[in-house]
Structures are given as C-alpha cells and as structure tokens.
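Build the full structure now, drawing on both the sequences and the hints.
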Amino acid sequence: MTTKSLRHNKIDLALHTLRQGSGRALLLLHGLGEASPTEPPTWAANWPGSVVALDFTGHGRSTIPPGGGYTAEILLADADVALAQLGAATLVGRGLGAYVALMLAGARPQQVRGAVLCDGPGLAGGAIGPTSQSFVTLAPSPHPPDPYALFEMSRDLRPPDYATLFVRMAVESSGLDEPIAVAAVVRPPWLAAVVDELGVTTCSVADALAVYMQATA
Amino acid sequence: MRVRPRLPRRRTLGAMLPGEYPGAVAPLRQYQIDVGGLGIALHEWGDEAGQPLFLVHGGFDFSRTYEVFAPKLAAAGWRVVAWDQRGHGDSDHAPLYGWDADIRDAMAVMDVVTQRPAPVIGHSKGGSLMIQLADAQPYRFSHLVNLDGLPSKRRVPDVAEHERTRMVAGEISGWLDHRRRSAGLTRYPGTIEELARRRGRMNPRLSFEWLCHLVTVGAREGPEGWRWKIDASMRFGGFGPWRPEWTVTRLPGLGMPFLGVLASELEEMGWGTLPQHLDSFLPEGGRLELLDGVGHFVHIEQPDLVASMVLDFLGSV
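These protein sequence lines are chains A and B, in that order. Sequential numbering of the first sequence, starting at -7, is according to our numbering. Sequential numbering of the second sequence, starting at 5, is according to our numbering.
Any given hint could turn out to be false.
Okay, the calculated bits of chain B under chain A, using three or more residues with CB under 8 angstroms as the criterion [stated by the list, open to error]:
no., region
1, 64 to 77
2, 125 to 139
3, 170 to 183
Stretch by stretch, here's where chain B covers chain A in the computed footprint (C-beta under 8 angstroms, at least three residues) [to be verified]:
no., region
4, 7 to 13
5, 50 to 63
6, 84 to 90
7, 142 to 155
8, 158 to 170
9, 189 to 198
No lab work stands behind these hints: they were computed from the structure. None of the values given here were measured: they were computed from a predicted structure. Built from N, CA and C at the ideal position, the CB exists for glycine as well.
In structure tokens form, the structure reads like this:
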C-alpha cells in the first residue's frame, strides 16, 4: 500500500493506493469512525484499475482539525479532492461513505462512473428535519477518529428529498442508465427514498462493479 | 407587530481621514480565548462591572461592525460583549466551519463571561444561531433580540423541476471547484477605497464612509495593501440539507422575552422575511417590529432607533 497526501484547504487527506491497476480507479469511502482498509476487498478482485481508499477528515491518517465543524458537504469536498486527483472513478462507500458517494455521484456526474452504497457505520445519520438538540463540547483526541466527527456525523440531517436531489443530478448528467447501486440491506429514510428513484438499482457490490467496469468515460 | 415610519438616511458630514467615521468607538477591551484549540476574539464596550449583554454578528461580518451600535448600549450601563465567529474578524481561521461549531464557540464565549442569563442580540445569521441556542439552552438567555435574522423560505424562481436540479447542480459544482482551490487562498489586496467598493456590492445601502471604516477594522494592511481578515476559504451562499424556514419553527417555544426587528428593504444578504411569514411563529408575548425603508443592516442604518428599541425592550439595568 502506498499513500499520497492531498491538500483540502487546511486538511491533509490520506489517499491510499491498495493495488495498482490500469484504467479507471475504484475509490473506496469508509464508514463513520473507520479508516481505509489496508488491502483491497475481495469483491474488488476483478477490478482492472487501481483500488484506492480515502481517509476522510478526522479519520485514519488524515488531519484531525481543532474544534469540529463536520458536515456531509465537507466530506463530499474531501472525496471530490480525491476525485480531482484520480480524474474519474467508480465509488464504493460504506455507511457514511455511502452517503458521501451518493452526493459525489450527483455533484460530479461525468467523473463518477457509478456509485455503490453499502451498509456500514454512519449509514443512518441523524433526523430528517429539525429536532430538539443538545450541544456539547468534547475533549480533543490526538488519535483518530476525531470525537467531533463521531458526534456531528451521527446526527447530521438527512432529509430524503435532499438525498434524492443527488440521484436526479446523477441521472440527469452521468449518461449512465443506473448511476447508483444500493447494496445496503438497511435502508434509513434517505436511502429508502433513493432506492425508489429512477436510475437506482439494488444488487450486490460485485454485481454492481461488474456493470460499472464496462461504463465508458 | 408595529411598523416604524420611514426615517431620513444618516448623512456623513465634513472631511475625514480614510476609515474615520463619526460615532464609531473602538472596543475598550479586546482579547482572545482558546476554544478547543481555536482562538476566538472578544471585543467589549462599556464598564467591565456592568451586566453582560451579548452581540452576535452575521455571516461574512465581524464584531467591529457594531462600533456605532454597541457604544449606545454601553452608554446605558451594559457590558457589551461581542465575538468574532471562527474565520471572521480577529478569530482564527478554522479548518472546518459549521453551524453547530459556531454554536459551541458561542457557548464557550458565554461561559467565560457569565454563568447567569443575559440578553443576547443577534443579527442575520447570528440571530438564527441564537434562536437555535436559545431553544437548546434557554438558561443562558434573559432576553433574545433578533435583528433581521428570521429566515423564511428561500426565494427560488418558479422553474420546472429539471431546471431546478440543474441550478442546484451548478451551485454545488461551483462550491466544490472553490474547495479544490481553497488551499492557500488569500483575499485580494487593495486600497481602503477598493475594498470598500467590493464590500459595497454586498452592502449597497451602507455609506461609502462606513464601508471605508469597516476596512480599517476588518482588514489588515500589508506590503501589497489591505486584505479582509475573513478566511478566504469561506464562500457566500452554499448548500445543505437545512431549510432556512426551519429556524423559525423553534420560535414559538421560546420562553424568554423576544423582540424581532425586520427590515422592509430586500437585500442580497437578507432573507426578505416579512411579518406575514411569521404570523403563527411568534412566542407568547413576543414582539415584532418592521422598519420601513430600512435594509438588512438595521443597526448600522439606524443605530439610534434600533438601540432605543432594544434598550426600551430590555428595560433599565
């Protein structure tokens, strides 16, 4: 495994190459509180391109910032910085990484050639609308994951219509018939709404990758 | 709800040095506190032994925009405490910015100043932030004043759904492009007048003299000229799951005395919220004032009027 450092504003992001290959990269996005794997997952065995994995801000070997301030949109920008490095990629996201993968597929429909959404930590996120809230100050930790990442990204709002907006953006501009594949068994409200959208398929990770492998740029 | 009459605009008279502004008083005390590793700058006017009153600025603003308004409250006996939100004014530039983080920073400031309930006055985004904190931690608030910071449903042109999707897509990809470039970004340098003119695009109703004054307290002078202090990675606008109109759903439940002040003149930085948007959301006993002919920066356009409204609302110290 080799690791490259990418700068996202004041954060150094760790982008790991788990296996070199030729052709489009497979970009793995981990779940909340996790870090990138050190080996390619077994379902990626047939992927011809490089298999790479990003540590989100506050996770793995990426910077832990002071004072929190995490949002799904900032993690989307983390993933977009990795995408800028790769040029184009197919995405596989776990949990929180699945939500970010969906957002990136909608935000960069021409560079993302399919996004596979899998179960994992942080899949559900927070409520779908305003709730009673508590605000607490957490002690900083020198070791990942950042406690603020765990706290803030376990309660970020995920209205279903916000999630489906990204599906529609992907469908509108990706040129793929089904740019989103849902492999997750658990379907929180945002993901249940995603599954109901046109252009979304449900299947295993391996089956989705077999299709996305053929997708043209 | 009462509507205030249209008032004459303030005039600036006489020749002044660049940045000088009549009635502007620099804070008597300025210091930083450490909030989880970030320096947050506090600015105070008035007697240190006075009862604290908090002023909360809006997005892309900073505490010293209160340099005319705050002294009027301090003159009535209040210890007026304002702070620069992370990335703004003299506070540290943070790696991350977020609504919850701003609220936690506010809690840290309040904890340093007092353990007792205090009046809080928030403008624009600062007003919205304080509604959320007042809902979550009402024990911190004796009174809540909101200066044109009551968001209503975002004004979106009446377009077809697929067009709307494209508009949002453009907004998001533009923001991501900015994030890709954000490492090492700095604000453009210029003269005091050039920065004032730039700011004037966001604050078209404020006088050029005032904007020049803002440059001298909200920007730093270096070898290449003046640069705004605000973090260049921050960008006006943005997107996310929060719907602006959700903020006012927290209003009806507030238990502390509430005064809302709305501006009738629509501006880019304002919400354009009118009293009819808030009819059913005012808390019991809450008051709403509409300032006719006044823009989003009500306390800058009409400092005397707004200060007197606030002091009247708070009663004597």
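These are the hints, each one checked on the structure:
no.	hint	verdict
1	64 to 77	violated (count 0)
2	125 to 139	holds (count 3)
3	170 to 183	holds (count 8)
4	7 to 13	violated (count 0)
5	50 to 63	holds (count 8)
6	84 to 90	violated (count 0)
7	142 to 155	holds (count 6)
8	158 to 170	holds (count 4)
9	189 to 198	violated (count 0)
Checked against the numbered hints above, the structure breaks hints 1, 4, 6 and 9 and satisfies the rest.
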